[in-house]
Amino acid sequence: MENLRSIEEFKRLQAILLEHVDTDIPTIIINAGTCGQASGANEIIRAAKSRILGKRLVDKVNLRITGCHGFCQMEPSLLIEPSRTFYPNVKPKDVERIIDAVLHNEIVENLLYKDPSSGDRIEKQEDIPFFKKQARIILGLNENVDPIRIYNYIENNGYSSLCKILEKGDPTWVVEQVKTSELRGRGGAGFPTGFKWELLAKQQNGESKYIVCNADEGDPGAYMDRSVLEGNPHSIIEGMIIGGYASGATDGIIYIRNEYPLAIKHLIIALNQARDLGFLGENILGSDFSFDIQIVKGAGAFVCGEETALMRSVEGKVGEPRQRPPFPIEKGIYGKPTVINNVETWANIPVIIDQGGAEYAKTGTDGNSGTKIFSLVGKIKNTGLVEVPMGMTINEIVYDIGGGPVGKAKIKAVQTGGPSGGCIPADKFDLPIDYDSLAKVGSIMGSGGMIVLDDNTCMVDLARYFMNFLKDESCGKCFTCRMGTQRMHEILDDISKGIGTLDQIDLLEELALAVKDTTMCGLGQTASNPVLSTLRYFRDEYVEHIQNKRCPAGVCEELIQYYINEECTACGLCKKACPEDAITGEKKVRHVIDTTKCIKCGACKSVCKFDAVETR
Amino acid sequence: MITLTINGLDVQVEEGTTLLEAARHLGFPIPTLCHMDGLTPYGACRLCVVEIGEGPGAKMVSSCTFPVQEGLKVRTASERVLKARRMIIELMLSVCPQSKTIQDLASKFGVRQQRFRQEFKDCILCGLCVRMCEEQMMAKAIGFRGRGESRSIGTPFDIETDVCRRCGGCMFVCPVCELRCTYNEPEKAICGGCANLVPPCVEKDQFDDMMCYMEPCVACEITKD
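Heads up: the protein sequence lines correspond to chains S and U, in order.
Position 498 of the first sequence, counted from 1, bears residue number 497 in numbering that gives the first Met the number 0, the numbering being contiguous throughout.
Position 103 of the second sequence, counted from 1, bears residue number 102 in numbering that gives the first Met the number 0, the numbering being contiguous throughout.
For the chain S half of the interface with chain U, some residues (derived, Cβ under 7 Å), not all of them: (1) 475; (2) 477; (3) 485; (4) 489; (5) 519.
I should point out that these hints are in silico values taken from the structure, not numbers from a laboratory.
Even for Gly, the Cβ is constructed at its ideal location relative to N, Cα and C.
Just chain U, same shape as in the assembly (with noise of 0.2 Å):
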């Protein structure tokens, strides 16, 4: 068991836990937008931010990804912290105004105003998605491409792709996207396709396990049984 200390209170964890993890259990909240248990860390929203250490030393961590180590003083809700907090939902808002996760978010810390050029994306490149294919349907179908400013999320070369199984599992987690899918968007290669869907879970018969994360599924509401 690793000792550690959150905000003032001493806490015994087992070794291995994140600090996301042990602050929660301890009734702290700390905001995440990448986070999902079921799937490994990533640390790309950095919502999750908190401050370790003490004096001149001290500096801020993705709690998510970070392990705890014995006898480290952490503070999840500093000035520091809240003020970065605050600066990357700003940021966020210039990014994903339309986005129902991050206006909530906005009004419980307070953000009321957004200060930089707006644009109206539908992604934040958390990579829920990605680790949603890739860790819980098994397929790898869609993954990051490029790097800096042209980083996207996608299928390889933007085809469509058999590994897709359009079990909709991307869309179910994404954060932002929420008010993307209006059933009525041309096909592309992963989304839009909700028209054309046809989960797994439909075809029953045509497989010996439903291979859907969700119960009961987004799309179609059966039930495993």
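Chain S on its own, in the form it takes in the complex (with noise of 0.2 Å):
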């Protein structure tokens, strides 16, 4: 590659590039996240590329990989351009019919997408439910671009908005588009970018200053940071170039956990082939500016999300938080003045230096613009990455999008930011997704993570498993943190169990109160809101567990009893089920549980087909 020394030679090479763009001849996209390659995408390459190969259709029709296109639950699947065909939950042997429509032109009926509502076979990704109602700023552009393809990104106006920035040649220009398009953090605490970026550029006092992408996501059931980070690197990567030329920064860090194996290569690579077309480095394309960006790997640590714990991880030391003030922007890595944005906020910034910052914030509602990716999951029918624009409620996002509840159970609310956020039950489901509302009705915007939880969920477990997550996670700096979360993990375990007291629901909620008012950071000020939120809407949940030892759900594994009803047809296949022999029945004979014996494991629970095995 060669390193473009000017804005020009950039021009340059972005018109040849985009000359060369083949229209004519379809394209193939497969979506090859971490999401699409655990359920197989790697067989689907494998076979659409023997195909092609194998048939000589190289010159006929065009092969993309590229990151995840959202919806997970249907991976692996296929698009297909221009048409915009979408064919969910490909299987290699499918891949071959396919490819062979495609090149006529056609369609293969059967294998589209299927409408579980009207049974319908529909086509287009665009009028799929889940696509339908979408905003995919962010995320639609992972369809078009091969992540590790350079080219790709620039012939989707890649790096024009870095060109454009160094064609202004105004710092202070880029600030206040990012300020007028009121774009808040979307780690989130909802903190407006500009003003944070606005801080930064008026740090006199150090020889440099740092910009951090914090890619340390490590919410349960969240993803959206690495599928950004896997289908589209460069987006994080001229966001921040722009951010350093706004702030007037000289070192970027993408801190990003270990975990995420794909997206670190993707970043490397990216990063690399950046560094070598000259976005990276000195005097970039030619003009005075100079910055570079470095990749640091988290090691495992969910407080290093937190920005004070993420710098100190930096520098190499224990990832543990300290006292604000002094800010990051004050006193950051190294002591130099450091600003953290999340890697869904870097890359929304090329797009808002592209649009204008006006342009940008008619998406959305006042004071909350742009869009949200959120990771759908639970017990919900099409589970993925949504990016919606702020301000639409949850049901349409549960309902519309998500599709609505998995069989008979009932929805009974989402659970919204993690570990630290917390439950919105169904009948606020009206509520506008943005920064303020949730916060009203106690919950967070969290980075992302949307849970849903119908009736099939006990609340008492849910907020014990994120009291279990965040016992172990917390830092155990702030003795309140360490000691409380502990705690209160075990006040819940005893209801859990059956063994509360109605007093310990008092106690519980005295000593969430005091753990949020007296930790340090935002993980232990947060860590109270799974007991705190489900207290609040579901008590007589809780008090359930306690007064009657029964849990509603049926979840908390002491308090049911599985027993067989009359729907048994006697077939046997729970009694081979079980591993403790515990199911006894003649045959055409209602077989029966021995409680005794049972572990509740709820093997013969899966494997009756006839709903015939219950708890209570």
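Take each chain as given, in its own frame, and dock them per the hints.
Okay, structure coming up:
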């Protein structure tokens, strides 16, 4: 690759690349992010490649391997351009038929997406309910870009925003654009990004300043940062270069957790390519602006997503938060002024510069502009990453995009914001999703995890799960966070085992409030949220566990008993599945579970085809 | 100079002072366990929390680490502060019930019950010993290990090390383990060593400077001359 020495050279390269884009022949897009690969995308790629090479179709059809498109449940999936045909859950044996159909400009009807509610086959991706209501400003790019090919990114208007600001030559203009865009930090707290940059730009004392991309995404069930990093690493890099230009920083750091090997691989490739082409390093595109980015890998501590702990971790110390003030903006990494932004925030920057701040601010609501990616998971039909404009109601996300509950169950709440977030009950689903309204109902936006819970989810068990996570992941510095989370877990454990008392609920609430008040960092201050929000909306479930020793959702092992109802056809499947020989029964006679032998593993329930095994 | 209000009283202090120092200077008592003059503030025990700000924006911070700010309104003993403090003490009692320091605190703040499951540990991980070892004894023999539930203090891999000079500084500053050292425990990496203790001050002729923080030394009662 040739090092680009000026803006003109970049524009020439972009023009040459665009000339060579072949729009006449169809492209088969295979999404192979970590989620895609886990569900078999590599087999699909192999099958597609062998077909294309074997039949000498290289000139007739393009193949593009991209990151995740968002509809993880349907992976491995294929997208055909330009017809935008979407094939879900593709098997390697189907690839041949699909490629042949693509060549003849046809579609394979019976492999198309089937709408679960109407049963109709839907051809185009845009018409599928899951995609219909989304505004895919960031995620949509994942379809167009092969993450390991920088030329692909440049073809899609990549690095033009960087070019634009270098042409303008005015850092304050960039800050102004970000400020007018009203972009708020996507990491969860929602601090206005433009304001943060302005503060950094004003810091004159240090010889160097740092800007950091926080990719230490640790919430259980949240993976939007990973998908953006895997699918479009150059957008992060471009965003950071722009941030560096605007704030006068010379060093960029991407702090990424080591558990994301594919994202790290793609980032390293992307950084090398950007360096080779001259987007990073000394005198970027012939300007007097120099900037470089290095990767720091986190060793797996959840708390290192907290900015002060992250900075210590970058310095090579134990990841422990410290008191703010001084804020990172004054005293950050190695004592230098530092700005830390989330992956998604950085990904939004090139879009803002490209569209202009005012145009960007039109999406979303007042004070909450732009889109937000949520990872919609849990007890819902369509799971995956959804990118929606801010201000969309939970109802729309859960029922229109998510497709509603699985089976006969009823959705009772969503849990947003990961372990530090809270639950929002179903009667508040008309709430618009933005930073302020979520905080009002006792939850947080967090980084964007959205776990849907139905009536088979026990709220006590859920709170216990998150508290178990937090008691392990608390750094342990603050006594109240370390001991408080342990004690809360202990009490929740007691309640879920049916040995709790009503006094313990009050104690739990008192302790939760004390932990919220007296800890130092964001982790501790929000650690009580799972307890407080479930107590606020589902206190009756707690009381039910204690007074009647009953788990209404049938989850808490100690409180439930399996039994076989009259639906039993005496097929004997459960009898075979039982590891403890606790099920007895003759042919044509309803089987019976011996509760003294039963270890409540649930094997019988999962094999029964007649819903005859129930809990009480 | 920075002007702020503590419990309704206007006060002027130098920039860089912590809220704890300012409050104590005025004579407002704030209990602490992990704070000691001469060691860097750490903010681990959270006993020194105070309330800052007003109205719905009021929040609690640890006064030992929070620097004074112009116009800040601080309350060192509001109902919210006392309630939180009592909960912290109750939690501490549930971990280290045998510590006299914590018992005294409990009686001072009227904590008369302990509603959690009782444990009998002898460490609240306040980190005084770690900082003492590093900052005053210039040794760095002990440090924190692990996180969350499995966090503990000790030498790396619990191996006895020459870096530890057995000065006893860690035991001297510990607010909880006064009862631990009974002179008859088997030798461990750091503690239980009293019986085997050979403080540098005893072998004065070997050392240029008595690297001992304590005056007189807690172990041998030799005074500096």
